[in-house]
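Participant: Whenever a hint applies, use it, and build me the whole structure from the sequences.
Numbering (our numbering), first residue to last: 2 to 301.
Worth flagging that the hints you see were computed from the coordinates, not collected in a lab. Using N, Cα and C, we set each Cβ at its ideal position, and we do this for glycine too. It is possible that part of the hints are untrue.
[Said to hold, decoys possible] Cut-off 25 angstroms, straight-line C-alpha distance, at most; resulting in silico cross-link-like pairs (BS3-like, lysine-lysine):
#1 Lys277 with Lys289
#2 Lys143 with Lys67
#3 Lys168 with Lys196
#4 Lys262 with Lys277
#5 Lys85 with Lys227
#6 Lys176 with Lys49
#7 Lys277 with Lys264
#8 Lys123 with Lys151
#9 Lys28 with Lys49
#10 Lys123 with Lys31
#11 Lys23 with Lys49
#12 Lys238 with Lys143
#13 Lys167 with Lys143
#14 Lys67 with Lys225
#15 Lys196 with Lys67
#16 Lys261 with Lys196
#17 Lys176 with Lys151
#18 Lys28 with Lys167
#19 Lys28 with Lys85
#20 Lys49 with Lys72
#21 Lys277 with Lys176
#22 Lys277 with Lys227
#23 Lys114 with Lys23
#24 Lys168 with Lys243
#25 Lys176 with Lys23
#26 Lys176 with Lys289
#27 Lys11 with Lys123
#28 Lys167 with Lys264
#29 Lys68 with Lys28
#30 Lys261 with Lys225
#31 Lys85 with Lys143
#32 Lys23 with Lys68
#33 Lys227 with Lys151
[Said to hold, decoys possible] DEER-style ranges, computed between Cβ atoms:
#34 Glu17 with Ile291: 46 to 56 angstroms
#35 Tyr108 with Leu222: 37 to 47 angstroms
#36 Ala212 with Leu155: 49 to 59 angstroms
#37 Lys114 with Ala38: 31 to 41 angstroms
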Amino acid sequence: MLAIIIPYYKLTFFEETLQSLKNQTDKRFKAYIGNDASSECPLNLIEKYQDHFNLVYHRFDENFGKKSLVKQWDRCIALSNSEKWLMILGDDDVLGENVVASFYEQYELFNEKSEVIRYASKIINQELNTVSEIFINPVWEKPTDSFFRKYQWLSRSSLSEYIFTKKSYETFRFKDYPLAWYSDDMAWLDFSNNKPIYSINNSIVYFRMSASNISGREDNLEEKEKSEYLFYQRLVKNHLLKCNSNQKRIFLLEFGVIAKKTKQLNFSTCILIISKLLRSGLFYSCAKFIRRVYRAKLNH
2 MLAIIIPYYK LTFFEETLQS LKNQTDKRFK AYIGNDASSE CPLNLIEKYQ DHFNLVYHRF
62 DENFGKKSLV KQWDRCIALS NSEKWLMILG DDDVLGENVV ASFYEQYELF NEKSEVIRYA
122 SKIINQELNT VSEIFINPVW EKPTDSFFRK YQWLSRSSLS EYIFTKKSYE TFRFKDYPLA
182 WYSDDMAWLD FSNNKPIYSI NNSIVYFRMS ASNISGREDN LEEKEKSEYL FYQRLVKNHL
242 LKCNSNQKRI FLLEFGVIAK KTKQLNFSTC ILIISKLLRS GLFYSCAKFI RRVYRAKLNH
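Facilitator: In structure tokens:
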């Protein structure tokens with residue numbers, strides 16, 4: 002069975018989220034809602050929708066989200082029971098009405114072949130009051146190729162549009178980066194566990210972009226940059242061998258740029274990048290990186 006985990010904090014769009022669960026044509030899921038000690042009580046909405054689908058609600062006494070969104074995700078997931086598959090749905094995001102149905106319809110196509118399932122998506126831009134075109138994905142795709150497309154701005158990705166196995170989650174866990182920025186991107190690389198991502202393109206998850214959520218805010222750039230550094234550090238150490246030569250070159254040089262921007266371009270980081278470039282046979286890129294570091298030191 003499928004568990005839909007909702008880490009709750011804001012009431013503003015929460016009813017739209019619950020309504021989208023009520024609208025599911027297939028009700029073979031259980032929703033677990035974990036209230037992060039919010040001052041905006043959702044009990045009226047919980048009572049309104051509790052008879053329309055299987056629902057468990059719990060209010061936590063201590064707020065975790067302000068310090069660690071990942072820890073809030075973890076304790077919300079801990080509310081679930083024996084479900085094999087998990088989805089973390091934002092409290093302002095919306096599921097198309099056949100999201101659950103298409104999961105079960107295509108289940109035999111991906112079961113045991115993939116640990117991470119992805120849906121097509123659209124962006125709700127709250128400030129502009131617009132909905133984007135549909136973003137679809139290759140049906141089968143290497144996780145590193147998937148992230149590379151996102152890196153190149155050829156695709157997009159957010160937490161709510163993925164389903165993953167509890168087994169992979171328990172094996173790898175979400176990495177606790179500041180603001181959980183890039184925590185989901187790393188999860189799909191880790192959770193996939195050397196299997197391809199399977200995409201369901203005939204169902205849509207709607208991701209809401211607004212000034213109130215982390216993606217839409219611009220007053221947290223320093224924390225986002227710290228997360229970006231930690232993400233690329235782990236990518237380089239744990240997932241680089243799965244990349245093709247061009248991806249290796251770009252990711253390693255990008256890691257160097259981010260390390261410099263976050264003042265983490267120390268001796269050990271330089272040696273890591275240089276050794277990875279040399280082992281990948283990227284000698285010209287290695288010379289280019291060394292020259293860039295040397296010039297930076299001179300200018301400093």
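Participant: Does each hint fit the structure? Answer for all of them.
Facilitator: Hints, verified against the model:
1. For a cut-off of 25 angstroms, the pair hint linking lysine 277 to lysine 289 stands: about 14 angstroms separates their Cα positions.
2. Taken as a hint, the lysine 143 and lysine 67 pair is broken in the structure, with Cα atoms around 33 angstroms apart against an allowance of 25 angstroms.
3. At most 25 angstroms may separate the alpha-carbon atoms for a hinted pair to count; lysine 168 and lysine 196 meet this at roughly 14 angstroms.
4. Between lysine 262 and lysine 277 the alpha-carbon distance is near 20 angstroms, which keeps this suggested pair within the 25 angstroms criterion.
5. The suggested pairing of lysine 85 with lysine 227 is violated, with an alpha-carbon distance near 33 angstroms, which exceeds 25 angstroms.
6. Our distance criterion of 25 angstroms between C-alpha atoms is broken by lysine 176 and lysine 49, whose separation comes to about 35 angstroms.
7. The suggested pairing of lysine 277 with lysine 264 holds, with an alpha-carbon distance near 20 angstroms, which does not exceed 25 angstroms.
8. Note on lysine 123 and lysine 151: the hinted pairing holds, with a Cα-Cα distance of about 15 angstroms set against a maximum of 25 angstroms.
9. At roughly 17 angstroms between alpha-carbon atoms, lysine 28 and lysine 49 fall within 25 angstroms of each other, so this suggested pair holds.
10. The hinted pair formed by lysine 123 and lysine 31 meets the criterion: a straight-line CA distance of about 24 angstroms does not exceed 25 angstroms.
11. Note on lysine 23 and lysine 49: the hinted pairing holds, with a Cα-Cα distance of about 11 angstroms set against a maximum of 25 angstroms.
12. With a CA separation close to 18 angstroms, the supplied pair lysine 238 and lysine 143 stays within the 25 angstroms bound.
13. With a C-alpha separation of about 20 angstroms, the suggested pair lysine 167 and lysine 143 falls inside the 25 angstroms cut-off, and the hint holds.
14. This hinted pair checks out: lysine 67 and lysine 225 have alpha carbons roughly 14 angstroms apart, not beyond 25 angstroms.
15. Distance check on the hinted pair: lysine 196 and lysine 67 sit about 33 angstroms apart at the alpha-carbon level, beyond 25 angstroms; violated.
16. Distance restraint check for lysine 261 and lysine 196: the Cα-Cα separation of roughly 33 angstroms exceeds the 25 angstroms cut-off, and the hinted pair is therefore not satisfied.
17. Only pairs whose Cα atoms come within 25 angstroms are accepted, and lysine 176 paired with lysine 151 is accepted, the gap being roughly 19 angstroms.
18. For a cut-off of 25 angstroms, the pair hint linking lysine 28 to lysine 167 stands: about 20 angstroms separates their Cα positions.
19. At roughly 16 angstroms between alpha-carbon atoms, lysine 28 and lysine 85 fall within 25 angstroms of each other, so this suggested pair holds.
20. Restraint check for lysine 49 and lysine 72: not satisfied, since their Cα atoms lie roughly 28 angstroms apart, outside the 25 angstroms limit.
21. Taking the CA atoms of lysine 277 and lysine 176, the gap is about 23 angstroms. The hint holds against a cut of 25 angstroms.
22. Restraint check for lysine 277 and lysine 227: the C-alpha separation of about 22 angstroms stays at or below 25 angstroms, so the hint holds.
23. For the proposed pair lysine 114 and lysine 23, the alpha carbon gap of about 30 angstroms is over 25 angstroms, so the pair is violated.
24. Simply put, lysine 168 and lysine 243 have alpha-carbon atoms about 22 angstroms apart, close enough for the 25 angstroms limit, and the pair holds.
25. With a C-alpha separation of about 32 angstroms, the suggested pairing of lysine 176 with lysine 23 is violated against the 25 angstroms cut-off.
26. For the hint linking lysine 176 to lysine 289, the alpha-carbon distance of about 31 angstroms lies beyond 25 angstroms, and the restraint is violated.
27. Only pairs whose Cα atoms come within 25 angstroms are accepted, and lysine 11 paired with lysine 123 is accepted, the gap being roughly 21 angstroms.
28. Of the supplied pair hints, the one linking lysine 167 and lysine 264 is violated, its CA atoms being roughly 36 angstroms apart against a limit of 25 angstroms.
29. Distance restraint check for lysine 68 and lysine 28: the Cα-Cα separation of roughly 34 angstroms exceeds the 25 angstroms cut-off, and the hinted pair is therefore not satisfied.
30. A C-alpha spacing of about 15 angstroms is found between lysine 261 and lysine 225, which places the hinted pair at or below 25 angstroms, so the restraint holds.
31. Distance restraint check for lysine 85 and lysine 143: the Cα-Cα separation of roughly 22 angstroms lies within the 25 angstroms cut-off, and the hinted pair is therefore satisfied.
32. Taking the CA atoms of lysine 23 and lysine 68, the gap is about 32 angstroms. The hint is violated against a cut of 25 angstroms.
33. At most 25 angstroms may separate the alpha-carbon atoms for a hinted pair to count; lysine 227 and lysine 151 meet this at roughly 19 angstroms.
34. The hint said 46 to 56 angstroms for the Cβ distance between glutamate 17 and isoleucine 291, and at roughly 53 angstroms that hint holds.
35. Remark: the range hint 37 to 47 angstroms for tyrosine 108 to leucine 222 is upheld by a beta-carbon distance near 41 angstroms.
36. Restraint check, alanine 212 to leucine 155: a C-beta distance of roughly 26 angstroms breaks the suggested window 49 to 59 angstroms.
37. Checked against the hint of 31 to 41 angstroms, the C-beta distance between lysine 114 and alanine 38 comes to roughly 40 angstroms, which is consistent with it.
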